[in-house]
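**Q** Sequence:
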Amino acid sequence: MPHRDVVSATAAIGALTRRGRHRDALAMFSRVLADGVAPNEFTFGTVLRSATVLRAPRVGAQLHACAAKLGLCSNVFVGSALLDHYAKMGAMREAQGALEDTREPNVVSNTALIAGLLKNGMFDEADRLFRRMPERNLISWNAMIGGCSQAGLSEDAVNLFLEMCREGVTPNESTFPCVLTSVANAGALGVGRSVHASAIKFLGKLDVYVGNSLVSFYARCGSLEESVLAFKRMKQKNVVSWNALICGYAQNGKGEEALNAYKTMRATGLKPNNVTLLGLLFGCNHAGLVDEGYALFKAAEREQPGILKPEHYACVVDLLSRAKRFDDAKKFLEDLPFEPGIGFWKALIGGCQIHWNRELAESVAERIHALDPKDTSSYILLSNVYSAAGSWQSVSRIRREIKEKGLKRITGCSWIEVQDKVHVFFNGDCRHPQSEEICAMLGACLYTREDDQHEQSTE
DNA sequence: TTAGGGTTAG
Numbered sequence: 001m002p003h004r005d006v007v008s009a010t011a012a013i014g015a016l017t018r019r020g021r022h023r024d025a026l027a028m029f030s031r032v033l034a035d036g037v038a039p040n041e042f043t044f045g046t047v048l049r050s051a052t053v054l055r056a057p058r059v060g061a062q063l064h065a066c067a068a069k070l071g072l073c074s075n076v077f078v079g080s081a082l083l084d085h086y087a088k089m090g091a092m093r094e095a096q097g098a099l100e101d102t103r104e105p106n107v108v109s110n111t112a113l114i115a116g117l118l119k120n121g122m123f124d125e126a127d128r129l130f131r132r133m134p135e136r137n138l139i140s141w142n143a144m145i146g147g148c149s150q151a152g153l154s155e156d157a158v159n160l161f162l163e164m165c166r167e168g169v170t171p172n173e174s175t176f177p178c179v180l181t182s183v184a185n186a187g188a189l190g191v192g193r194s195v196h197a198s199a200i201k202f203l204g205k206l207d208v209y210v211g212n213s214l215v216s217f218y219a220r221c222g223s224l225e226e227s228v229l230a231f232k233r234m235k236q237k238n239v240v241s242w243n244a245l246i247c248g249y250a251q252n253g254k255g256e257e258a259l260n261a262y263k264t265m266r267a268t269g270l271k272p273n274n275v276t277l278l279g280l281l282f283g284c285n286h287a288g289l290v291d292e293g294y295a296l297f298k299a300a301e302r303e304q305p306g307i308l309k310p311e312h313y314a315c316v317v318d319l320l321s322r323a324k325r326f327d328d329a330k331k332f333l334e335d336l337p338f339e340p341g342i343g344f345w346k347a348l349i350g351g352c353q354i355h356w357n358r359e360l361a362e363s364v365a366e367r368i369h370a371l372d373p374k375d376t377s378s379y380i381l382l383s384n385v386y387s388a389a390g391s392w393q394s395v396s397r398i399r400r401e402i403k404e405k406g407l408k409r410i411t412g413c414s415w416i417e418v419q420d421k422v423h424v425f426f427n428g429d430c431r432h433p434q435s436e437e438i439c440a441m442l443g444a445c446l447y448t449r450e451d452d453q454h455e456q457s458t459e
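Just so you know, we're using full-length UniProt numbering here: the first sequence kicks off at 1 and counts up by one.
Just so you know, these hints were derived from the structure itself, not from any lab. All residues carry an ideal CB built from backbone N, CA and C; glycine is no exception. Some hints here could point you the wrong way.
What follows is a list of derived Cβ distance ranges for each label pair [said to hold, decoys possible]:
#, residue 1, residue 2, range
1, 331, 159, 20 to 30 Å
2, 8, 55, 45 to 55 Å
3, 8, 263, 48 to 58 Å
4, 306, 132, 39 to 49 Å
5, 159, 20, 30 to 40 Å
6, 123, 253, 31 to 41 Å
7, 387, 288, 16 to 26 Å
8, 121, 441, 56 to 66 Å
9, 271, 20, 46 to 56 Å
10, 8, 70, 13 to 23 Å
Start from the sequences, fold in the hints, and give me the full structure.
**A** Following this line, the structure appears as structure tokens:
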């Protein structure tokens, strides 16, 4: 039945958008136009959302042109929706243009722009706008915190959260997942525990998003007990909750536990997704469960080929080469349904390093150099293979090559939190005030461990 | 009828 008036047409389109039927919403919009009904600012607000979710920039541009023809672009609803659409498509210039066309921009327009700026890596601009905008609400704070958290600006995200609380703005269920992801990234267990406590204080009941972030946060900070406890306390669990648990086990080297959790998850009737499989493969990898991992991959290939991504294939290469199954790994690489990127060869050379496979390491390093002559990691790995095999001449040749080609290695770092302070250490870093004591203690630990291993092997 | 903010893997 055709819609005669714009109000009922907009309501119908809005209902489709809310139900996630975005294609149908766009189709209905076209029909409404064909019926000769002129859309209003609310109609554009709704359909633009559908175009954004579908990531359809061409549809967005058509809608923009249509709104312009009707003289609606100065309206703040249309302006904000256009702004949000362009920002999410990564077209920041068009987003700014939409804001300039808006006659009276409000807190929504500014928040949409902030979110877009952060998504496109423009932190300083976003922060400047946030500081000077005339009105800020909870959603603006969440946009800043969430944007920083997703951009990896963990410290900024946590500081913003603290600032927000100081200003008396009450965080909601959207605030906490972002903050918890950030404290997890920073490895700040103590800070995260306080955030957990404040979530209980402000929210009372924790929803599935907050619960999932807690499970992941505790596991990523190495506290598996608290992670499992947070998981058990969740009233409602979805596939993301199970993924958080499985990945937590995997990251902490508990491959068997990850597999058991997966079995329980299947028993509840939930289907795994790509993240579940990745977590499982990762867990098997680190626990040396080669056959189990390979079997899971094969099962996914048969039952859910749609979830397989290059990362999963790379994990299998890693799994096989770590287990010294180089022939299987090479065969697997040859049979890949796509052209392997540099990461695949790095996974293979990693195994060569563990098992001192000098010949294969050399040929793989050649391949990596062909793909990316500036890549340092393969040089380092190759030189490690040589030094493990005792060919010091080759080691010094590689080191010379690295120097001559002006390649720089990116220094890895680790960190630990002690009494709410995070201490960061780089490779060979002696700048910590207690550096000497730390090294002495590490030495003592390593010595004891080697002793243990020696005792075990002579038993 | 209406525009802006959330979780898991790498």
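**Q** Taking the hints in turn, state whether each one holds.
**A** Each hint tested on the structure:
1. 331 <-> 159: 20 to 30 Å: Roughly 51 Å apart at Cβ, these two residues miss the hinted range, so it is violated.
2. 8 <-> 55: 45 to 55 Å: Violated - the Cβ-Cβ distance for residue 8 and residue 55, about 29 Å, lies outside 45 to 55 Å.
3. 8 <-> 263: 48 to 58 Å: holds (51 Å)
4. 306 <-> 132: 39 to 49 Å: Roughly 46 Å apart at Cβ, these two residues keep to the hinted range, so it holds.
5. 159 <-> 20: 30 to 40 Å: Holds - the Cβ-Cβ distance for residue 159 and residue 20, about 35 Å, lies within 30 to 40 Å.
6. 123 <-> 253: 31 to 41 Å: holds (35 Å)
7. 387 <-> 288: 16 to 26 Å: Taking Cβ atoms as reference, residue 387 and residue 288 lie about 24 Å apart, which means the hint holds.
8. 121 <-> 441: 56 to 66 Å: violated (40 Å)
9. 271 <-> 20: 46 to 56 Å: At roughly 19 Å between Cβ atoms, residue 20 and residue 271 fall outside 46 to 56 Å, so the hint is violated.
10. 8 <-> 70: 13 to 23 Å: holds (19 Å)
Checked against the numbered hints above, the structure violates hints 1, 2, 8, 9; every other hint is satisfied.
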